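First to last, the sequence lines map onto chains F and W. Numbering-wise (the numbering used here), the first sequence opens with residue 1 and increments by one. Numbering-wise (the numbering used here), the second sequence opens with residue 1 and increments by one.
In case anyone wonders, no lab produced these hints; they're calculated from the structure. Keep in mind it's a predicted model, so treat the numbers as computed, not measured. Every residue, glycine too, gets a C-beta built ideally from N, C-alpha and C. Warning: the hint list may mix true and false statements.
[To be verified] Here are the simulated lysine to any residue pairs, SDA-like style, with alpha carbons at most 25 Å apart:
(1) F:K109 x W:F123
(2) F:K242 x F:P266
(3) W:K342 x W:K233
(4) W:K233 x F:R221
[Said to hold, decoys possible] Derived DEER-like restraints, expressed as beta-carbon distance ranges:
(5) W:P41 x F:S17: 47 to 53 Å
(6) F:N200 x W:E203: 47 to 53 Å
(7) W:S140 x F:L91: 27 to 33 Å
(8) F:S17 x W:F89: 29 to 35 Å
(9) F:P166 x W:Y207: 24 to 30 Å
(10) F:G264 x W:Q201: 36 to 42 Å
(11) W:P41 x F:T214: 52 to 58 Å
(12) W:Y207 x F:T214: 45 to 51 Å
(13) W:K234 x F:N200: 24 to 30 Å
(14) F:F134 x W:L75: 24 to 30 Å
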Amino acid sequence: MSQPFILKLQEHCNLRSSVFRRALRMALAMFVGTVIYYYAHLMQGFWVPLTVCIVMQLTTGGTLRKGLQRFVGTILGLLIGFLLVEWIHSLWVIDLLLVVFLTLTYMTKAFNLVNYGIFVVPLSAMVAILVTFFVPHEANSLIVARLYDTTIGAALGVVFTLLIFPTSLKPEIEKNNQHTLQLQQHYLQAILQHLLRHDNSEALLKQSFNQFTTALMENRRLYADWVYEVWFDSERKQTQQKFLKTTEKTGQALFALQELAREGLPDDTASELRDGLVKISEIVSAAAINITELKQAMVDWQQLETQFNPRQNAGLKSLALNLGVYKEINDTSA
Amino acid sequence: MLNYLQREILTRFDPDYNYFKQAIRTGLVCLLSILVYRAFPATYSESYWVVLAAVFLVQTRLGATQWQQMRTLSLCVLSAAILGYLSGFVFNNPIYSALFLAVTTFIAIYLSVFGLHMAIACFFINLYAILSVGLPTASSCLLQRFLMILLGGALALLVCFLWPTRLKPQLRRDEKIYLRTLAEFSHALVENYLHPAYPQQAEKFEYRLHERRDRLLRMLNAVRHSQHLASEKKLLTINEQDSTEEFIVRAEQLFALFISLGNIRHYVRDVTALNFVTEELKLTHQLLAAALYAISEHTQWNSSNLQTTLTTLRTKATEHPELENGLIVFVDTVEKILVVIKCLNPLS
Chain F
1 MSQPFILKLQ EHCNLRSSVF RRALRMALAM FVGTVIYYYA HLMQGFWVPL
51 TVCIVMQLTT GGTLRKGLQR FVGTILGLLI GFLLVEWIHS LWVIDLLLVV
101 FLTLTYMTKA FNLVNYGIFV VPLSAMVAIL VTFFVPHEAN SLIVARLYDT
151 TIGAALGVVF TLLIFPTSLK PEIEKNNQHT LQLQQHYLQA ILQHLLRHDN
201 SEALLKQSFN QFTTALMENR RLYADWVYEV WFDSERKQTQ QKFLKTTEKT
251 GQALFALQEL AREGLPDDTA SELRDGLVKI SEIVSAAAIN ITELKQAMVD
301 WQQLETQFNP RQNAGLKSLA LNLGVYKEIN DTSA
Chain W
1 MLNYLQREIL TRFDPDYNYF KQAIRTGLVC LLSILVYRAF PATYSESYWV
51 VLAAVFLVQT RLGATQWQQM RTLSLCVLSA AILGYLSGFV FNNPIYSALF
101 LAVTTFIAIY LSVFGLHMAI ACFFINLYAI LSVGLPTASS CLLQRFLMIL
151 LGGALALLVC FLWPTRLKPQ LRRDEKIYLR TLAEFSHALV ENYLHPAYPQ
201 QAEKFEYRLH ERRDRLLRML NAVRHSQHLA SEKKLLTINE QDSTEEFIVR
251 AEQLFALFIS LGNIRHYVRD VTALNFVTEE LKLTHQLLAA ALYAISEHTQ
301 WNSSNLQTTL TTLRTKATEH PELENGLIVF VDTVEKILVV IKCLNPLS
């Protein structure tokens with residue numbers, strides 16, 4: 001076994017590692033789930049550990065989201081599957097349905113990122129048909145058993161996630177918010193430097209674009225899970241929603257500005273606006289350090305806007321409009 | 001909601017999409033495994049494992065190249081078969097079974113530190129540990145189960161030859177899909193911000209747009225990744241390398257320009273003011289989407305209709321002071337997009 005392989009395993013072999021905590025939590029839940037299914041004499045009770053394995057995610061929010069979506073998706077899917085197998089008795093048609101639903105299941109796998117429940121609907125219908133395929137005479141009782149066992153498994157998964165080494169997304173969300181703001185500032189600075197034609201600005205622009213877009217995608221991914229953690233705290237949820245809304249809107253303004261920066265301004269206009277652009281760059285750097293300084297700097301910003309606005313050049317109009325959006329967002333955030 | 005789902009599902013019936021191809025592979029291997037299963041006499045009590053192994057293990061076809069995918073799948077089949085066999089020694093005892101599954105699950109999750117592919121592979125291997133414990137059999141049948149899982153795995157390997165992964169064609173396909181995703185984004189933009197319910201439910205519509213935007217970024221990353229792999233393996237000639245790099249630059253440009261087009265909704269205080277030019281905006285987005293489809297298929301596309309619409313927009317801009325600046329920026333952005341489109345498709 002290679003050295004990096006062992007080093008990586010060693011690095012995560014402690015309770016600080018979220019993966020290690022998840023592995024322990026799931027192993028415990030799996031143990032309990034299997035014991036329950038044996039001692040409660042559940043029919044096809046292996047669905048309990050199987051559901052535990054699928055539902056339990058790295059974080060509490062993730063588990064709650066997947067648990068709920070899986071539960072709703074399973075009920076809907078089993079209902080569809082149940083109706084179909086009640087109505088169809090030919091073995092060959094069942095075979096064909098199995099192929100069709102399996103294909104459909106993997107077609108809808110792309111929805112996994114948006115809503116896991118959408119993927120579970122055809123999956124559960126497929127399972128109902130699969131059960132009929134293997135044991136046609138016991139199908140109805142097994143389908144009901146699946147629903148029952150899945151509910152136990154999902155509940156067990158949620159309980160273990162909440163009680164054993166619960167991992168909240170809150171610190172990660174807070175860290176990510178800070179990180180997004182920083183990257184946003186870097187990105188705007190890179191754009192302004194490119195407008196001012198600094199050396200290496202193209203590479204910097206590319207790098208900051210990639211980092212900022214990754215942060216935006218990560219924000220949305222985390223929020224999708226986190227929203228389940230704070231459903232009881234509506235005020236906090238609203239604050240985070242507002243943050244996401246503003247960073248998204250600023251992002252859209254910045255993407256448009258980047259293109260303007262790539263295209264560049266006419267030389268005479270650029271030199272005329274140079275001082276203004278440098279000032280914006282300073283304001284943006286100040287925002288990264290201190291939000292009070294930003295508020296003060298916004299007064300200067302308004303003067304700069306009047307400098308950009310009356311020009312007839314469409315590029316400058318775009319710059320003024322985008323800076324306006326950026327300012328509005330920062331005002332709201334402050 | 002139903003319309004949205006219907007369109008989302010229909011767009012996936014496209015032979016260029018990887019999900020579609022994987023779904024077809026899964027359906028096909030299911031059909032093959034059912035035929036094999038039905039061919040076994042009833043005395044082969046473990047023959048159903050052929051179906052179970054084939055349909056789930058085909059999902060472990062993971063990796064950037066065909067060779068890597070086959071290797072991962074083979075290792076997963078072997079591991080699943082071994083676990084299926086070993087489970088036979090524990091499933092009579094509840095505590096041993098529970099310990100067995102706790103250990104396999106711990107290992108499966110712990111190994112996920114090695115990335116997404118490892119996590120997926122481990123998930124499917126662990127699935128067989130759970131299924132094997134849950135579907136007990138006599139000790140004398142364990143070898144049969146082992147062999148049936150191998151047979152199912154062999155069928156899964158067989159369908160991997162359907163649409164084998166080759167880096168160079170994959171790169172071209174990714175480029176094509178990126179352009180189509182951009183066309184879908186163009187449609188989505190106008191459908192969302194011009195929707196009559198947008199002012200009341202802006203958050204919902206914005207959420208959909210962000211989801212589309214993320215999809216676009218994922219595709220852009222896929223193009224970059226394919227290009228990186230293809231050049232790393234020295235599969236591209238100097239000309240091909242240059243044209244791909246040029247494509248990526250243009251693709252990034254188009255991304256920024258399309259976002260810029262959608263920004264018109266932020267440039268007006270009241271988005272309903274855009275009703276003044278609804279038809280022109282819709283038509284512009286439709287024509288741009290058509291242009292992107294044309295580039296992706298290397299077919300001819302005529303920009304004269306778009307030019308006429310832009311002229312109308314310019315005229316209307318002077319009639320509406322609140323919209324003027326926003327519309328000028330919009331028209332200017334469309335013209336920049338046309339320049340990029342011409343660079344990508346000389347037939348335009």
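Of the numbered hints stated earlier in the document, which are not met by this structure? 2, 3, 4, 6, 12
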